[in-house]
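**Q** The lines below spell out each chain.
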Amino acid sequence: MRNVLIIWRKEMHSYFVSPVAYLLLAMFGFIFGFFFWVQLEGFVKYGAEMMQRGQSFPMNVNESLIRPLLANVRVTGLFFIPLITMRLFAEEKRSGTIELLTTSPIRDLEVILGKWFAAVTLYACILLLTALNFVFVFKYGQPDWKPLAIGYLGLLLQAGAMLAIGTFISSLTKNQIIAGAVTFAVCLLLWVFEWVTEFETSTWAQVLSYMSITTHAESFTKGLLSLKDAVYYVSAIFVGLFLTARSMESLRWRS
Amino acid sequence: MITVKELTKRYARNTAVDHISFNIEKGQIVGFLGPNGAGKTTTMRMLTCFMPPTAGSATIAGFDVLEEPMEVKKRIGYLPETPPVYPEMRTGEYLEFVGRLKGLSKADLSKRVDYVCERCSVADVRQKLISKLSKGYRQRIGLAQAIIHNPDVLILDEPTAGLDPKQINETRDLIKSLAGDHTIILSTHILPEVEQTCEQVIIINKGKVVATDSVHNLQNRARGIESVIVEVAGRNADLDAAEVQAQLEKVSGVIKVHFKEKRQTRSIFEVEGSNDRLIRGDLARAIVAAGWDLNELRSSAMSLEEIFLQLTGDHPATAAAKEEPAAKEPGK
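From first to last, the protein sequence lines stand for chains A and B.
Read in the working numbering, the first sequence has 4 at position 3, and its numbers run on one by one without any break.
Read in the working numbering, the second sequence has 134 at position 133, and its numbers run on one by one without any break.
So that you can see chain A by itself, here it is in the shape it has in the complex (with noise of 0.2 Å):
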């Protein structure tokens, strides 16, 4: 445990020290801004046209404009891990520090936690900044929170995920466009994959169905804690890491 905080705090630093983490802080920050405003006018536009008809005001916020919100930051996301996750590994292998880690009286695994930590830390960092426009939304409104928190406890478990893949991405490669190409490709796979259940109702559709990242979001979003879906991402994030084990153990066959 030890080991994996050593290793978290070196790649924590690395984020805060050079510009990588405020600037995905700044862009991501910027970018929900515009959807909340967005999202916040038509909100409110619409409910103004509800009262002239005639109609109860009362719209509920959590559905009309919670959700669709927290379905915004899960695309942005997308876009956003692959940056997070790409330097993880292949910064090591391309300067040679990761023969520093290697010989070092540290487990493979503690490495790769220590380093997979930090990047859901930063994740986690880029989801509070989008949490601050929240506040507003209570100071004006009634929103329900619970909802809410279900909501970003399954945008972090979805992140949780496609950093784990990150990370193993990161560890095939020493160069870092590479493994960010990769994993944004696959991360969007995964995310598409749910499309086919639209024409196909074989088992191979439902299998690439259960698959993809979008299926089991969708609970998450509407503020429902679905066991099933928690344990998809739980195991996709086991699978990611199990790999990157696999992946550096495979370094030391082949360098």
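If you're looking for bench data, these hints aren't it; they were derived computationally from the structure.
Backbone N, C-alpha and C fix where the C-beta goes; we use that ideal spot for every residue, glycine too.
Where hints are given, some of them may not hold.
Label-pair restraints from in silico Cβ distances [what the hints assert, rightly or not]:
id	chain 1	residue 1	chain 2	residue 2	range
1	A	Ala231	B	Glu119	51 to 61 Å
2	A	Leu130	B	Asn24	58 to 68 Å
3	B	Lys129	A	Met60	51 to 61 Å
Got chain A sorted already, so can you dock chain B onto it with the hints?
**A** Okay, now just chain B, sitting in the frame of chain A:
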């Protein structure tokens, strides 16, 4: 301290390290010498548990690299060819990170960082970003991280590569000063480095050990048959080289005389004798007695460079001689 038995590393197509064995005592500095691609780095990587051997075994301080890698890793300090530094860290931060990684306790950490900064003369750049430092500083930081946990064994892969002459000397002195506390293996393809820093040398070529001995013995041994360079000059007139050669061959103990070159009135010969001391005096007397001038008389001791080229077989001129030292590979 380090025992290597029949260590082998095979890749898909080639054998990088082929059944090498050696033994290193505590506190020694051993030079690991070989041309590029001889298998030095591969051997070191196996000793540091970076990669496992295909066959054979290596133990460090009594721990096998395959069976107990964690124990081995605690006891080694390793400086790879390129210092494993993080450019975005400051020197002090980096050394603290490595110290923690190597398992130093909080109480020891700052003490050790102070110590290694002092020892490797990087104290003046402790607050500087590593990305802003010169190659020489990075190399010293690399050494500092290798000794931070006071390991029993130091494994240094080409520690002076890419440094300027002044930095090379400083680094060599630093490495020498570290011996005693640590057992050191350093790899290099620079021969004077071994002559200057190491006590013991292991020469490898194409994955095989071709010689293990002390630097002193190796020089002596490769000398084999002692040869002397003699420069003779005629007093007033030209010198008949053939006549001189005939005279020199008569001297007792002389096996062979090679005429090497003639410069104006001087002629240079290489005389092979069975015993150095006896023939030198007799040669001098014979030359003076014949009325010639003796301009120079020196032993043609082989430099380590020549020995190395002999042993690794890259020297066509000494092709015949190379069989001899390689054949009688000495014990440890």
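**Q** State for each hint whether it applies.
**A** Against the structure, the hints:
For the hinted restraint 51 to 61 Å between Ala231 (chain A) and Glu119 (chain B), the CB-CB distance of approximately 53 Å keeps it satisfied. Checked against the given bound of 58 to 68 Å, the beta carbons of Leu130 (chain A) and Asn24 (chain B), roughly 60 Å apart, stay inside it. For Lys129 (chain B) paired with Met60 (chain A), a C-beta distance near 58 Å keeps the hint of 51 to 61 Å intact.
The structure is consistent with each of the numbered hints, conforming to all of them.
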